[in-house]
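Trainee: Protein sequences, first through last, are from chains A and B. Be aware that the first sequence starts at 1, since it is given in our numbering, and climbs by one per residue. Be aware that the second sequence starts at 111, since it is given in our numbering, and climbs by one per residue.
Don't read these hints as lab results, they were simulated from the structure. The structure displayed is predicted, hence computed values, not measured ones. Careful: at least some of the hints might be erroneous.
Selected chain B positions facing chain A (Cβ under 7 Å, derived; list incomplete) [said to hold, decoys possible]:
#1 Gly-152
#2 Leu-153
#3 Phe-155
#4 Met-158
#5 Lys-210
Covered stretches of chain B, going by a simulated chain A footprint (3 or more residues, C-beta under 8 Å) [said to hold, decoys possible]:
#6 181-190
#7 213-222
Beta carbons are placed, not taken as given, at the ideal position from N, Cα and C, and that holds for glycine.
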Amino acid sequence: SQTIHQWPATLVQPVGSPLSLECTVEGTSNPNLYWYRQAAGRGLQLLFYSVGIGQISSEVPQNLSASRPQDRQFILSSKKLLLSDSGFYLCAWRITNEQFFGPGTRLTVL
Amino acid sequence: SQELEQSPQSLIVQEGKNLTINCTSSKTLYGLYWYKQKYGEGLIFLMMLQKGGEEKSHEKITAKLDEKKQQSSLHITASQPSHAGIYLCGADKGIEYGNKLVFGAGTILRVKS
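Bound conformation, chain B alone (with noise of 0.2 Å):
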């Protein structure tokens, strides 16, 4: 089985409306990034998460982890057209194998103007 589920798989919010991504793993995580990507582009880099608990912002976006170090959640307040894309989250799977990243199916977002 896929050791990141994301859910939903794809979602349309009207604009304005807020939104939440939740990227749940199977083991404990030792780092979770996530990432915004449009169509036919390159990842962007929105955060990474280490610690259980731990939340960042930037800009109307928010990721948390839970305490479990097993969930995280990304949340979109106010979302706008520009949100729209594929979301991506990555578990980081530790300096002995590299620091590489296992990616979840992602959550394609649309947001309705």
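One chain only, chain A, in its complex shape (with noise of 0.2 Å):
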């Protein structure tokens, strides 16, 4: 069976430190693979995917980036947070007509 791993679960960074979240996927071979953000008053909103290695479609610039060097792995990163990067992050992977969610990470951004 298929499982989605996120970590960490829980992270605290100050402004201006530099941000990586990791995602993996485990029991399937090339899924389409997502990060969204879900902010307080904002919804769940799709931060980037990606439907190959190497291959990242961003909705939402910012000061976020995401990279995928394995076809199971898919990362967040950001060179400096801002307070409003805070959020519970999610990771997500789909295959034929199903998309799964990850267990997220809070971050918190002081």
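Assembly of the complex is requested from the two constituent chains, each provided in isolation within its own frame, with the hints serving as guidance.
Mentor: In structure tokens:
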């Protein structure tokens, strides 16, 4: 069966510090991968998606970036965090018509 | 304006009562996804609807997609405290957009014992 992992589960970072969130999927090959952010009052917002290794489509550029160095690995990064980057970050994967979400990372930027 | 509108924004029901949540799209839907979320946790996949008039059920939850494929409803029969959470509908944007999902704002459900 397929599983999706995200880490860390929670993170508290100072403004201006870098960020790296990792998502890995097990039990499937060549999935579509997605990064979403859920922030208070703003709903669930798609940040990036990837249909293959090295292929990244950006929805909300801002100061975030994403990379897919391996088929089942998706990384969300920032060089300098802003207060507005606080939120709940969710990774998702899709194969055929089903899309499943990971457990999420709660990021607080102080 | 938001592409997907969910209603109501929140509701409180007595345990054992039925309830319906609606999701309306301004565009024809390629596919419509329903998820449930507990606060601070990931989304749990409930159902996916694709064909006009389609209806699916899982335990006491039934979801329907209308014939025009612009509106979906989620119906819970005999609600229980375990049904409490946030219900989100998501619209599939199609393969040319990586099948990304655009979500409604969510409906917060509370079930009183």
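Trainee: Each hint should be assessed against the structure and marked as holding or not.
Mentor: Verification of the hints:
no. : hint    : in the structure
1   : Gly-152 : holds (4 Å)
2   : Leu-153 : holds (4 Å)
3   : Phe-155 : holds (6 Å)
4   : Met-158 : holds (6 Å)
5   : Lys-210 : holds (5 Å)
6   : 181-190 : violated (count 0)
7   : 213-222 : holds (count 4)
Against the hints set out earlier in the document, a violation occurs for number 6 only.
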